[in-house]
Amino acid sequence: MSTAAPLEIQALVTSFGSVIAVDGVDLTLGSNELLALVGPSGCGKSTLLRTIAGLVAADAGTIRLGGELVEDGSVRLPPERRPAGLVFQEHALFPHLSVRDNVGFGLRDMPRSEIDDRVAEMLSLIGLGEHGARYPHELSGGERQRVALARALAPRPALMLFDEPFASLDHNLRVQLRHDVVAALKATGTPAVFVTHDQREALTIGDRIAVMRAGRIVQIDSAPVVFHRPIDQFVASFMGEASFLPIVDVATRPHTALGPLDVDLDRTTTEHATMSAMIRPDDVQFTPTVSGEAEVISRHYFGSGWLVTVQLPDASTVMVVTSHLEPPEIGERGDLALVPGHSQVVVPRHRPEPDSPTS
Amino acid sequence: MGWPAAALVFAALVVVPVGFLAVSVLSPSVDVWQQQWATRLPRQLVDTAVLLIGVSIGSVGLGSSLAWLVSAYRFPGSSVFGWILIAPLAMPSYVLGFVTLSVIGFTGPVQGAWRELFGADAWFPPVRSMGGAIVVFTLVLYPYVFLLARAALAEQAGSAYQVARSLGAGPTEAARRVMLPLLRPAIAAGAAVVMMETLTDFATVQYFGVDTISVGVFRIWRGTFDRDAASEFATLVLVVALMVIGLERALRGRARFGQAAGAAAGIEPRSLRGWRGVAACAACALVLVLSFGAPTLQLIVWAVQEATGPRGTPLVERFVDFLTNSVILASLTAAVCVIAAVVITNASRFGQARTTGAAARLTAFGYAVPGPVVAMGVVLTLVALDNALESIGLGLPGAVATGSLIGLVYAYSVRFLAPGLNAIESGMAQVPEEVTASARSLGARPWSVVGRIHVPLARSSVITGAVLVAVDALKELPIALLLRPIGFNTLPIWTYNLASESRFEQAALPAIAIIVVAMVPVALLSRQLNPRAGTP
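Line by line, the protein sequences are chains G and U.
Residues in the first sequence are numbered consecutively from -2, following the numbering used here.
Residues in the second sequence are numbered consecutively from 111, following the numbering used here.
Hint data in this document are derived by calculation from the structure and do not stem from the laboratory.
A hint or two may mislead.
[Claimed, not checked] Derived coverage of chain G by chain U (criterion: at least 3 residues anywhere in the stretch with Cβ under 8 Å from a Cβ of chain U; other residues may be distant):
| # | stretch |
| --- | --- |
| 1 | 72 to 81 |
| 2 | 91 to 97 |
| 3 | 100 to 109 |
[As the list claims (entries may be wrong)] Label pairs and their in silico Cβ distance ranges:
| # | chain 1 | residue 1 | chain 2 | residue 2 | range |
| --- | --- | --- | --- | --- | --- |
| 4 | U | Val119 | G | Arg78 | 19 to 27 Å |
| 5 | U | Trp147 | G | Arg73 | 53 to 61 Å |
| 6 | U | Glu543 | G | Ser234 | 31 to 39 Å |
| 7 | G | Arg78 | U | Asp336 | 55 to 63 Å |
| 8 | U | Pro542 | G | His168 | 23 to 31 Å |
| 9 | U | Pro542 | G | Val72 | 24 to 32 Å |
| 10 | U | Gln540 | G | Arg131 | 20 to 28 Å |
The C-beta atom is built at its ideal place from N, Cα and C for all residues, glycine as well.
Build out the structure end to end from the sequences listed, making use of the hints.
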């Protein structure tokens, strides 16, 4: 009764020779959903995207686009027969074709007038209605990326795939374009997968975020959950600055140097040995006092504040954000305390293995 | 998956002739070999070795010295010499060969004047000799070494040289301890090309009475039409070619001195003042005059004399015929090579990169195989094809193998695919993979991507590739001499025939036509070498 998911991946494996780039990925995209696929360089996120597009052959597993089987052991549709639109970092416009011809490239088997209408519609969607006659080299970087988006959207793909689409743009342009792209996708009701290595971008764009590491999706959840309830230290660190404190007195009164944990910890298992508590820099505050237990060991300015690293008596370190114009001096002592309303989150050092559900 | 398959078919078509040739050795024509061994073969082996070594020493010496001169020093005309010194690439060795013989050979005007001055018995270095052949080959082939050495000097050697100087080495010591080792790969590659070009020739050497193994192939094939013996003899040429490649690898060693782009800087040239500058200028000019200027001028004089004189060039009324033949042959070859190169370079975009990469490397190897080898291999292949067609009842009237244009175009394409492939590959490298992927994800099939995106984007390099192949084909003599259908003449064959009969003046017209055509790729190359083309 329900319509098929725009993208459904099961047990996908892609390798290059002896290097396994995608190692058993399951993924289902909801209709109209925007998924951000993040991970460090070499984690396999781009390969996963290219396998979905049909640019790289899978070794095992299945891919369905809009319910249609496009890849399994016996079927392998070439890229031109998959209803997926692609946008790359370097836009990859056809330099010898005008903007209009670029956008119309994927439109075929329809009357000329319909093609013209669709191209005009796409160009106005991206706000470049007047630029149809121009050539790619006459456009700015942001405009080129918009044209690439319009070109990919024109044939009404079941799914859009973005490979680091904003990485070559400067910061302000990136923020603006990101907003416009999401708006265009929502306006056309097109689901999409964004590959990015920028966790901030992922948090902004994704309805859900899939974090990849070594060919696997280690966590897939909404942005707040991935940020505040990471599944392990790797995800915690990858999604933003984080400090980790050891948990002591597990059997009686589990706590860290910053105080008791308000999370229920299963004290019957020995898993706590591999557990620690995650603290985001804005979860804690540092108050200089002469007799304080914490000592400032380094500080970095980042514009809207300072990221200060302090050392506790047990030698563990914690990063703290201070918005003060005058940051604490290195060597200065003080007290470290949780900001009211914030908490320490218990995370395992490594993702529980094996086969724990990822969503 | 038709693209990788097509690429593999082209690769097989290139390799099969050489394969047939290698197999022919398994059933040797013992009597022919015995007879050859008893008569010409020992001398041919010695002549081949002496010629190859002499020409490579001469070309390396001349080419790398000139490259150093124009790169490391500034003197009157140095920037012009930097690119114009490759002009002899347009001068076929057989043309310079016959001009040299006629002008300073025994019966030529120079020796005539010499005897007038110093008496009839006055000594003059023998021109029609091994030495003469080495000098002629050196003068037309040094540009290969010059080009590679100059590129190496311009691209990577500058900073190393400056560092050596800053560490206290004088110019000579820096050149010896840093520059020569750095240039070794380029010089080895240049020497290998020079040897291959020398090995493939059998017209020039015949003028000079030098008897190489390539001449042996020609003599056996044109003399007796003994296919098997000629093929086995061609295998000997192939063995020498493989030895040259092995030698190049050994000389280059593990040295791969590519440096990161961007950090590279050329040598900052020093000014040569006074008599030193004049001497450097004179040396460059002398080489250019001897290898290109004077012979071209002589040809023009002869052509004008013939055109205005009472005798007239024999068969001049057929000039258009021969030109047409050459153009048809060159166009067909260029078309075949461009199609093959487009298929091979595109196959890697639409299939497994590994298989198609191997195909590309295999097809490039035709260029390293001397003309006689390719020619005899193609003969064997087409004979096998004839027989195969015969056995399934599709026998064609007349042998496809030896009597038709097909064999000639096939052999030319095997030999000249590599330059076309290189040009089109470099053009395709400018088309990002993402552009291909975008076009495909927009629903374009591979052939449509090639036609609508790849070829339009790589258009200029496709044209360059076609021109390079066509010009090579237009100049080619050895393969044409071996494989041409009876009565089919090209400009080089016409030139060769006239010059073989010592009718040098009459050979001037077709020779000039060849040089003019051959100037096209040389001019293209010069533009690349001369960033300030058009300004003095």
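Query raised in the report: Looking back at the numbered hints, which does the structure fail to meet, lowest number first?
Result: none
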